[in-house]
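Participant: Chains as they are written, first to last, in the working numbering: chain G, 1 to 193; chain S, 1 to 218.
Treat the hints with care, since some could be wrong.
Here are some chain S residues the structure puts well away from chain G; computed CB gaps all over 10 Å [unchecked claim]: (1) Lys29; (2) Lys51; (3) Ser142; (4) Ala173; (5) Lys204.
Selected chain S positions facing chain G (Cβ under 7 Å, derived; list incomplete) [stated by the list, open to error]: (6) Asp68; (7) Ala69; (8) Arg111; (9) Lys115; (10) Trp198; (11) Asn201.
Simulated from the structure, these hints should not be mistaken for lab results.
In this text, a Cβ means the ideal position worked out from N, Cα and C, and glycines have one as well.
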Amino acid sequence: MTFTTYFNTMKITILNGDSSPDDSDFTKYISQLKKLYIDQGNEVEMFTLSAMNLKYCIGCWTCWWKTPGRCVHKDDGELIFRSVINADFFIFASPLVAGFTTALLKKITDRLIVLLHPYILIKEGEFHHHKRYDTYPEFGLLISRETSTDNEDIQIVEDIYKRLAINFHSRLRFLTITNEHLPEETAYATHHF
Amino acid sequence: MPLTIFNGSQRGKKSNSKLLIDQFVTGYKTINNEPVSIHYLASTSVVDQQKSFADAECCLIVFPLYTDAMPAIVKAFMEAVFEANIKGPKKVGFIVQSGFRESIHSSFVERYLKKFTIRLGYEYLGTVIKGGIEGIQIMPPSMTKKLFENFRELGSHFAQTGSFKPELVVQMAQPYKLSLASRWFMQLAPSFLKNFYWNSNLKKHKAYSKRFDKPFIN
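Please model the complete structure; the sequences and the hints are all you need to start from.
Facilitator: Written out as structure tokens, the structure is:
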């Protein structure tokens with residue numbers, strides 16, 4: 001049995017929010033993971049956020065009521081929006097800094113509201129925003145521990161990303177800690193959940 | 001103890017957070033007339049943020065909920081404070097406001113805010129959560145009267161005690177989840193009523209016909 005028949009191949013997008021990716025163990029891990037995905041026959045797009053021109057969401061609602069579905073910023077964000085919404089699966093990747101994923105990753109996460117519709121619906125008994133697109137990819141969360149990280153930190157981060165998944169009409173497929181799981185295990189978890 | 005407030009909204013001086021801070025400070029000053037130092041993270045350099053934080057004794061960080069957590073500018077501020085290992089304020093509290101009415105949306109980041117404060121060795125003053133804030137700038141005064149009264153009371157109590165008034169924190173966080181009646185209303189109400197705020201703004205910007213656009217589909 002070959003990799004490609006054993007695994008369902010997918011379009012996978014990786015958002016690397018490592019603020020210092022040069023030679024970091026975290027980014028090396030992601031590079032290995034990317035290679036494994038490609039070896040499995042997946043199509044992979046990886047974005048190194050620190051090398052991109054990305055502005056902060058300014059809360060202007062242009063993407064909701066002036067140019068629906070398009071952000072006011074004309075920067076590299078559009079490359080990411082297109083990749084994420086056309087992916088079968090995507091990964092939020094970031095070392096933990098001060099107990100949470102980096103501001104760099106949060107910067108693009110805030111702007112993913114461009115992929116949602118402003119109208120409100122009730123979901124799981126709560127207000128949430130409607131879908132703008134027919135389908136949304138499931139995602140994984142890849143993090144690394146700081147020296148001070150404890151299990152409560154991991155739980156808090158996981159719970160917040162599970163909330164994001166509800167808002168994003170998606171599902172958190174896995175949370176992987178790079179200090180504790182091999183890239184092969186993460187690649188396996190991507191397809192087996 | 002002098003009070004320092006960091007406004008973590010990207011909208012800065014045009015933000016809903018500012019309106020709430022203004023009310024809080026108005027209430028605060030009825031008891032304590034010392035100047036309150038207010039900083040806008042969206043327009044302050046990292047170096048200045050670190051200095052202001054280091055100089056503060058008691059500080060409040062106020063921000064809108066963005067994708068279930070603090071906005072990126074607030075996380076960047078937290079990283080700057082964390083990485084510089086600033087032995088700054090002795091006490092830190094938070095006010096989190098959101099567009100959605102229910103406080104459940106902000107309750108997850110509240111756990112992070114508490115852990116962050118303790119990690120840095122500061123005293124955690126608590127987090128005030130207030131939903132239903134989007135749109136307050138265009139609401140008639142009758143609709144914001146109670147909200148603003150609550151924030152003024154929060155401020156005056158804070159000036160007296162150095163803490164958030166517990167009963168008010170509980171009251172302002174209501175509802176935690178939507179009532180059955182609210183859920184029924186949303187299920188049964190006609191779409192023009194449910195979407196009035198968004199549709200009126202879409203029409204104002206001549207974008208109503210494009211409201212269902214999907215520009216990034218390949």
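Participant: Each hint needs a verdict: does it hold in this structure or not?
Facilitator: To see whether the hints hold, each was checked on the structure:
{"no.": "1", "hint": "Lys29", "verdict": "28 Å, holds"}
{"no.": "2", "hint": "Lys51", "verdict": "19 Å, holds"}
{"no.": "3", "hint": "Ser142", "verdict": "23 Å, holds"}
{"no.": "4", "hint": "Ala173", "verdict": "14 Å, holds"}
{"no.": "5", "hint": "Lys204", "verdict": "8 Å, violated"}
{"no.": "6", "hint": "Asp68", "verdict": "4 Å, holds"}
{"no.": "7", "hint": "Ala69", "verdict": "5 Å, holds"}
{"no.": "8", "hint": "Arg111", "verdict": "5 Å, holds"}
{"no.": "9", "hint": "Lys115", "verdict": "6 Å, holds"}
{"no.": "10", "hint": "Trp198", "verdict": "4 Å, holds"}
{"no.": "11", "hint": "Asn201", "verdict": "4 Å, holds"}
In terms of the numbered hints stated before, the structure departs from hint 5 and from no other.
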